[in-house]
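*Asks:* Read off the chains here:
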Amino acid sequence: MCRIWAVAKNTIRQALRMKVAVVFIVLLLVLLPVMGYTASGDGTLRGRLQTFVSYGLSLTSLLLSLLTIIVSIYSITSDIEYRQIYTVVTKPIRRYELILGKLLGVVVLDVALLTLFCGVVYGFIVLMPKFVNASEEELTQIQNEFFTARASLVPPLIDVSKEVDEVYAKLEANDQLEIAYPHSTPEEIRKYLTSRIRLEKRAAAVGGGLVWEFTNVRPSDPNHQSLFIRFKYDVSVTPPDEQVYGDWRIGDLRGLQTGTPVDTPVWRVPRKDPVRKFREIEVPASAVAKDGYLAVAYGNPPLNNTVVLFPVEDGLEVLYKADSFLGNYVRGALLILCRLVFLACLGVMAASFLSFPVAILFCLVIFVTGATSGGIIESFGYMGKNVSLVYRYTIEGIIHLLPQFDKFSPTQFLIPARLIPWSLIGKVVLVMVCLKAALLLALALIIFSFRELAKVVV
Amino acid sequence: MDYAIETVALTKVFSDWWGRAKVYAVDDLNLQIRPNEVFGLLGPNGSGKTTTIKMLLGLLHPTKGHAVLLGGDGADPRINARVGFLPEESYLYRFLNARETLDFYGRLFGLDSKTREMRIEALLEMVGLKAVASRPVGTYSKGMARRIGLAQALINDPDLLILDEPTTGLDPIGTRQIKDLIIKLAERGKTVLLCSHLLADVEDVCDRIAILYGGKVQAHGRVGDLLKKTNKTQILTDAISDATVDRIRDVLRREHVECEISSPMERLETFFINTVVEAQQQATPTSGAVSTTQIGEFLTAGARGDDILNKLVVAPVSERPQAGSSRTDRPQPQEAAVTPEPNKDLLTKLTRSTASPAAEPVAPEKGKTVEVVPETTVQREQVKKNILDELTGKKQPDGSTVKPSDGPQEGGGHV
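Those sequence lines, one after another, are chains C and S. Mapping to my numbering: the first sequence position 309 is 309, numbers consecutive. Mapping to my numbering: the second sequence position 15 is 15, numbers consecutive.
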């Protein structure tokens with residue numbers, strides 16, 4: 001351990017004294033305040049904060065990712081190229097200890113810099129409201145919608161396979177498949193039917209309504225906090241003013257069904273909101289029943305004169321404060337750290353057998369692919385059937401092996417003040433660090449232990 | 001017998017991208033280096049010396065055959081702990097300073113902080129870099145880097161020292177000191193593998209040598225055996241009058257012996273050292289330019305070299321009490337007549353002259369000494385005594401000195 005730490009310390013010194021890290025540090029220390037000053041967002045204080053946290057953390061994460069790749073690769077390849085490795089591996093240190101030392105050095109450097117920069121960003125975020133002329137209303141808004149960590153409950157997807165089967169069988173029996181869905185395969189028809197039937201279940205006819213039920217709603221302080229119903233309307237016929245009415249009821253609605261009184265309040269909220277825009281209804285969290293039950297009902301008043309739909313993906317969710325902003329922010333930083341650890345292992349692996357420029361290129365390609373893997377995987381869905389088959393069994397597998405940075409980006413949680421659950425951190429640690437990164441590291445150790453370090457490749 | 005280094009049919013073939021053999025860098029090499037031996041591996045550039053060393057230490061994998069270091073594998077940390085290695089160039093971390101460099105290597109050996117500190121200070125003093133120890137080694141000259149390289153090879157007090165061209169880039173004083181150091185280490189029971197193409201270095205310090213060419217051993221054996229005696233006798237005296245020279249000629253003529261008499265010039269090495277010492281005496285102690293103080297301190301440090309070595313090797317010496325006396329296999333015909341630690345004398349005198357130039361306590365030579373030396377017999381101790389005497393002789397007012405030389409190439413007086 002003494003030897004591993006000696007190598008780690010040396011790696012950190014190298015990164016700092018060879019000015020590799022210094023460039024990134026200076027860049028961040030200059031850019032972050034500039035961003036804090038210029039970030040304006042949609043003009044509101046919340047918008048400013050959201051823009052700053054988004055840009056600040058993204059920039060920190062991006063620059064530290066690049067720094068990690070460069071330092072982890074440089075510290076190994078330069079040792080080999082400038083042959084310091086001759087005097088190091090001939091000392092009583094195992095080669096795996098050398099690699100682990102380099103990795104430890106990079107990770108320690110990452111932790112230190114991440115702490116520093118996340119601290120700077122956090123400082124700006126906390127101070128920003130004090131330096132901006134904000135109204136009381138805006139300050140309350142940021143407390144509720146930014147400086148918080150809200151858990152999100154989404155109604156579960158309903159299993160509609162039975163209905164799909166029925167409709168499909170009916171169409172088939174009547175020989176209407178080809179007429180209704182020309183040039184489509186049975187899978188495509190089923191897929192279409194599934195989404196159609198699901199949407200039907202989220203549609204409130206004129207005069208009708210919808211009820212969603214949630215269990216296990218656990219706000220951290222029900223007596224002083226609020227629940228937020230975040231929703232988006234869609235309509236079959238757009239009203240002239242693009243607004244629809246809604247008659248919302250929120251609370252323990254089981255009492256209404258059974259006729260027994262309940263001891264928690266039920267809130268009735270009549271509203272008028274624009275269509276196809278996210279809106280939030282705030283009600284006190286005391287509406288949640290003692291057993292964690294909560295129901296949300298939407299009534300479509302006849303006044304609307306149109307069917308109101310709630311899109312399947314993001315039409316409705318319930319948000320409530322589950323943790324403090326700081327706790328959430330720290331978890332966001334942990335997500336970034338997981339990414340950096342992965343990249344450090346990747347860099348070490350590449351450096352164990354590639355020269356500096358090639359290894360950098362290799363890692364950057366993987367980094368960029370990882371940062372956009374969600375989009376790439378999604379794009380397979382739009383391909384023709386035959387082509388997508390080929391891709392499915394070749395490249396898609398490889399892409400799944402790659403990290404999915406975009407899926408675990410902290411900003412997508414922090415901007416809408418969503419709770420980053422520990423379960424997500426656990427999953428990322430398990431998959432990205434313990435599985436993928438460990439695999440890369442094992443590969444690096446094996447390659448490095450057996451390669452000829454003094455071999456000159458021309 | 002257990003060898004310190006043994007290679008069995010060691011072969012290294014460098015192949016091209018297609019796997020076709022391109023170069024036989026080392027070809028079926030069988031070396032046996034005994035413990036407590038100073039072994040010289042000689043050869044022109046590209047003869048496979050460095051490749052052999054890299055294979056010994058596991059930096060390259062042999063194509064065929066194997067090498068045994070101290071009874072084990074050269075890549076095994078337990079063996080590495082007992083080996084000191086100085087590569088052909090001192091590949092150092094440019095961003096570390098000298099002290100940090102040694103501390104880093106000390107940590108790799110798992111030395112505790114007390115031992116590490118003590119050894120670092122001792123080594124910095126020994127290699128004369130104490131004054132510049134806080135400068136990044138990237139700013140060092142080649143010779144200074146070499147000294148740090150040597151210090152890192154010694155930090156673990158190795159049983160086996162592998163030196164790849166240790167004297168390249170060093171000034172004559174540094175070269176001299178490395179040679180003396182090698183001899184000292186050998187006296188303390190260490191094994192040294194010296195790899196060089198500077199023949200003078202090898203000749204001065206090695207017990208046995210092997211000459212490589214094309215990756216094969218072309219000649220090997222004791223230096224004394226390999227260099228045959230010529231059928232000549234060399235007489236060296238202090239300056240003598242022409243009349244005496246004529247009388248010697250007469251005597252020799254009666255014996256029917258041809259002779260050649262000349263006054264040998266001062267050796268450049270001696271001249272160099274004297275010049276540096278004089279320069280040091282003139283400079284004030286604080287204002288010295290870097291190079292002057294550096295060499296001064298280096299010499300001063302060298303005088304205490306014995307203490308340093310003692311400090312470094314305290315434990316091993318007590319473990320091996322026989323180390324000094326067991327060295328009977330060396331070609332030392334005149335061992336009894338030679339001062340046991342001439343280096344110490346030399347450097348002590350230099351130190352004293354630096355400290356108080358007025359005192360100049362150099363003893364004058366007692367009358368004329370005539371030494372008869374069999375030509376071309378290699379004797380390390382004599383080499384050292386040689387500069388020692390020359391240095392002390394230089395201080396005398398009449399300054400006439402004729403001293404034994406190492407061999408014909410160094411311009412001795414042939415009688």
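It should be emphasised that the hints constitute simulated quantities derived from the structure, not laboratory data. Don't take each hint at face value.
[Claimed, not checked] Stretch-level coverage of chain C by chain S, calculated; a stretch enters the list once three of its residues show a Cβ under 8 angstroms from a Cβ in chain S:
id	segment
1	76-84
2	88-94
3	182-193
4	311-317
[Said to hold, decoys possible] Some, not all, of what chain C presents toward chain S, calculated at C-beta under 8 angstroms:
id	residue
5	3
6	6
7	10
8	13
9	362
Cβ atoms here follow ideal geometry from the backbone N, Cα and C, with glycine treated the same way.
*Asks:* Do the numbers back the hint for residue 13/C, that is, is its least Cβ distance to chain S under 8 angstroms?
*Replies:* 6 angstroms, holds
*Asks:* Has the segment 88-94 of chain C got at least three residues whose CB is nearer than 8 angstroms to a CB belonging to chain S?
*Replies:* holds (count 7)
*Asks:* Let me know if the C-beta of residue 362/C comes in closer than 8 angstroms to any C-beta of chain S, holds or violated.
*Replies:* At 20 angstroms from the nearest chain S Cβ, residue 362/C fails the 8 angstroms test, so the hint is violated.
*Asks:* Is the hint on residue 10/C kept, meaning its closest Cβ partner in chain S is under 8 angstroms away?
*Replies:* 6 angstroms, holds
*Asks:* Take the segment 76-84 of chain C, compare each residue's beta carbon with every beta carbon of chain S, and decide whether three or more fall closer than 8 angstroms.
*Replies:* holds (count 3)
*Asks:* Do three or more residues of the segment 311-317 of chain C come closer than 8 angstroms to chain S, measuring C-beta to C-beta?
*Replies:* Coverage by chain S is violated for the segment 311-317 of chain C (0 residues, Cβ < 8 angstroms).
*Asks:* Using a Cβ cutoff of 8 angstroms, are there at least 3 residues of the segment 182-193 of chain C near chain S, or does the coverage claim fail?
*Replies:* Violated: only 0 residues of the segment 182-193 of chain C have a Cβ under 8 angstroms from chain S.
*Asks:* Against chain S, is residue 6/C within 8 angstroms by beta-carbon distance?
*Replies:* 4 angstroms, holds
*Asks:* Tell me if residue 3/C is really an interface residue toward chain S, meaning its C-beta lies closer than 8 angstroms to one of theirs.
*Replies:* 5 angstroms, holds
Of the numbered hints stated above, those contradicted by the structure are hints 3, 4 and 9, listed in ascending order.
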